[in-house]
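Participant: Model the full structure from these sequences, guided by the hints.
Protein chains: 2
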Amino acid sequence: MKDTKVSSIGERALISILSEIFKAPDGKEKGQEGILIGAGSDDCAVLDLKGEDCLVVTTDMLHRTTDFPEEMTAWQMGWMSAAVNLSDVAAMGAEPIGLIMAIGMPSDTEINFVEALAKGMQACAEFCGTAIIGGDLDTHAELTITGTALGKVKKSQLLLRRGARPGDLVCVTGYTGSAGAALEALQLKKPVSETVLKALFEPIPRIKEARQMAESGAVTSMIDTSDGLAMSLYDLARQSHVGFRIWEDSLPILKEVREFASNPDKLRELALYTGGDFELLFTIDPQEMKKVQNICNLTVIGECTMYEAGIVLESPECKLTTIAQRGYQQLKAETIDGSS
Amino acid sequence: MKDTKVSSIGERALISILSEIFKAPDGKEKGQEGILIGAGSDDCAVLDLKGEDCLVVTTDMLHRTTDFPEEMTAWQMGWMSAAVNLSDVAAMGAEPIGLIMAIGMPSDTEINFVEALAKGMQACAEFCGTAIIGGDLDTHAELTITGTALGKVKKSQLLLRRGARPGDLVCVTGYTGSAGAALEALQLKKPVSETVLKALFEPIPRIKEARQMAESGAVTSMIDTSDGLAMSLYDLARQSHVGFRIWEDSLPILKEVREFASNPDKLRELALYTGGDFELLFTIDPQEMKKVQNICNLTVIGECTMYEAGIVLESPECKLTTIAQRGYQQLKAETIDGSS
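Chains A and B, in that order, give the protein sequences. Sequence positions in the first sequence follow the UniProt record's numbering and run 1 to 340. Sequence positions in the second sequence follow the UniProt record's numbering and run 1 to 340.
No lab work stands behind these hints, which were simulated from the structure alone. Hints should not be assumed to be uniformly reliable.
Identical copies go unnamed one by one, so any copy, or any two together, can satisfy a pair.
[Said to hold, decoys possible] Straight-line alpha carbon distances no greater than 20 angstroms define the calculated DMTMM-like cross-link-like pairs of lysine to aspartate or glutamate that follow:
{"id": "1", "residue 1": "K255", "residue 2": "D265"}
{"id": "2", "residue 1": "K255", "residue 2": "E194"}
{"id": "3", "residue 1": "K154", "residue 2": "E52"}
{"id": "4", "residue 1": "K208", "residue 2": "E303"}
{"id": "5", "residue 1": "K23", "residue 2": "E115"}
{"id": "6", "residue 1": "K119", "residue 2": "E71"}
{"id": "7", "residue 1": "K155", "residue 2": "D48"}
{"id": "8", "residue 1": "K190", "residue 2": "E126"}
{"id": "9", "residue 1": "K189", "residue 2": "E71"}
{"id": "10", "residue 1": "K266", "residue 2": "E110"}
Facilitator: Here you go:
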């Protein structure tokens, strides 16, 4: 790999290379015994706490220019920095037990700004029933925030990306494509409602919903949709070794996002290939569907198939097209207009 | 605090402001019950795991221009990113159970470089008996690495900054001023030995020593010396409400660091006010001294006094001078030559 730049291989390929380096030779080295799920294969790493519980942990680095649109307030940047991590904790079915926030900022940052940032973090932590328990402050040319969230869940209730079986139903919480539509509206200077803007600026970690789902025992696999629905489907498919048939008509999309998209191609683009929604994507044993349908605003969007059937979108006319493996991916020039 | 910049108040004042925001009104809000030690008051935050153990967690953000001297290799940057966090875990008397590394890097970074970085992280984690269990990859203008380390320790063995009592002996592991001397030598383009350079580039987290010390039951308080001996003494003093009398003659300083310092003032400057050594500073019940003296290369450097006596240096001629509260502090223009 001499002289090859990271931009030429993309985030997921680089994660694979690093996961090999971080893997002990036989997987049973000292220091590895407690690791149930290691680097790179789920929303969180999972550590065995020896009793009935396990610990989940996740981290996310955000930067002002790449992750925070200009229109965001400091409070919203704080909220988002906490939310992206708490959403990963939710996706494991876990209850958050603490957040650690490292903040690098220019030395001429106003204290007012930092206070608003901290209040946004605190508000999101409180909303999720947890607290900021530590952190690090640092000078840095560009505002950079790395959050780390910890969660706890009974081993019997842990939800992984692996576990979906052919025949399971595929569900999502909330709406898809809202954050993507908001981002595009901002970029094109088009008007956009407060509801759609909030989907992008103040994503809600689905902690409560995920906990109830984990307790129901009906969910077979789960992931969040931070990188877009298509990418999340591919991640679930790889870990569960299943395929998916997604019913285009069933995708939950806000009315104004439908209006914003000028044509069906554009709407599919927003719904499948844009990130930032932070909803939960999960699969359910159809016999257990009753147990979860009253938990929250969830929509059945398709079914699990055999791995060999791939990941396809079924149009209202029952035409099948392959869903592409693209979306929000770091380190690679992939944008919301789909050029990759 | 309108229009005030963070540079005008410094890291520790800003931590105080943020700690207030992150503190729930009565300290017993939902989400706060499990927190034994919260943001800002020790090397790690501490969470109650309900059984006999507690979980410690710490994070540190490092940047290429401010934290990695030009002469460092990618492997050493990786080692250091892991080491700074593992040193904080050591300072709690805990055993590390996992490291999470978030890496932001320019998109034209060579894969070779990232592999060397990862191998350095892995080597340090392995040295400390743990593993890299997760992380995040991101594009960013400047190489930025945020590590988060997790550790576990029996509640009865947890070592805090608070706990030192007047009459206790003050000890450090290893040598003081080595990393500071190395940094200054590099800046002044003076020759410097591999041993001194390694103190700066490949600091050793004192995990094994700290674990043995925690098990001995003789240690009353502990901190690492990452921000310099003086700053660490002030942090211990504040949390334990004690003073310190440090014996100048007893400070463990490498022979070549003594030679590098051209005069006694300079030597005191290096030994007390430069950071980067990542040794342990701790206090011991004098009656229990026997239990720890064979554990590792430790030096008794002074004694705990009453808080009111302050933090003083006793010269060989028994002259007392106050040790200043300065050292390595982020967000403020403090440098190793001591101008603050």
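Participant: Now look at each hint and say whether the structure bears it out.
Facilitator: To see whether the hints hold, each was checked on the structure:
| no. | hint | result |
| --- | --- | --- |
| 1 | K255 with D265 | within (16 angstroms within a copy, 72 angstroms between copies) |
| 2 | K255 with E194 | within (14 angstroms within a copy, 66 angstroms between copies) |
| 3 | K154 with E52 | both (6 angstroms within a copy, 18 angstroms between copies) |
| 4 | K208 with E303 | neither (24 angstroms within a copy, 52 angstroms between copies) |
| 5 | K23 with E115 | between (40 angstroms within a copy, 13 angstroms between copies) |
| 6 | K119 with E71 | within (18 angstroms within a copy, 39 angstroms between copies) |
| 7 | K155 with D48 | both (8 angstroms within a copy, 18 angstroms between copies) |
| 8 | K190 with E126 | neither (33 angstroms within a copy, 52 angstroms between copies) |
| 9 | K189 with E71 | within (11 angstroms within a copy, 46 angstroms between copies) |
| 10 | K266 with E110 | neither (41 angstroms within a copy, 36 angstroms between copies) |
The structure fails hints 4, 8 and 10 (numbered hints given earlier, in ascending order).
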